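**Q** If you want the building blocks of each chain, they are given just below.
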Amino acid sequence: GQQLNQSPQSMFIQEGEDVSMNCTSSSIFNTWLWYKQDPGEGPVLLIALYKAGELTSNGRLTAQFGITRKDSFLNISASIPSDVGIYFCAGPPGGSQGNLIFGKGTKLSVKP
Amino acid sequence: EAQVTQNPRYLITVTGKKLTVTCSQNMNHEYMSWYRQDPGLGLRQIYYSMNVEVTDKGDVPEGYKVSRKEKRNFPLILESPSPNQTSLYFCASSFVVWGAGANVLTFGAGSRLTVL
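First to last, the protein sequences are chains A and B.
First residue of the first sequence: 1, per this note's numbering; consecutive thereafter.
First residue of the second sequence: 1001, per this note's numbering; consecutive thereafter.
If you're looking for bench data, these hints aren't it; they were derived computationally from the structure.
Heads up, some of the hints might be wrong.
[What the hints assert, rightly or not] Pair ranges (Cβ atoms, derived):
#1 A:Ser10 - B:Lys1071: 35 to 41 Å
#2 B:Val1096 - A:Glu41: 21 to 27 Å
#3 B:Glu1079 - A:Pro39: 29 to 35 Å
Just so it is clear, the structure is predicted and the values come from calculations on it, not from any experiment.
Glycine is no exception: its CB is placed at the ideal position from the N, C-alpha and C atoms.
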């Protein structure tokens, strides 16, 4: 089936640094979602992107829907310790309306 | 409070002993899904349901069963659990909004299952 490839797999950064991660697919997606999972919790939606080229912000987080529709990017500015967690990209395989597949996640660690 | 509730949150069991993980949502969502999370493998879909009495296999359905007799409940059944089903399981739900792109999932808090 379709797969989403996320990179990097993990990141260790200093508090205050900016973070960039991305997600790519071999096929076109018409929606990209970014989720964050805090330790011991279920994933929570951060940002939803529905249009190619769209750039959307949520506080210090900014995500972009790639022009090719095969990739998406998530940036976090001025990281803080509570940014620690696993970040997942997700999208509907084969353009399906209800179903979602997830990338393997980027694990972020922030040193105070 | 709008939520997805899973039970049990933690369970240790033995090989072959049937178990059920319940999932209930109070948001009147049509779509429900089960995922398992394993280190390095991310979230993999087990089964999903677009509405009552409609279920479909995800990427890793082997060894699992589901049912969707009521809109709010979507139990995950392990008829004969094996050690390779030791994992963290998540239930999720959403509305199905046709023509608007993928829908936003609300996740439960997770059920950590250990099969000895």
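**Q** Hint by hint, which ones does the structure fall short of?
**A** Failing hints: none at all.
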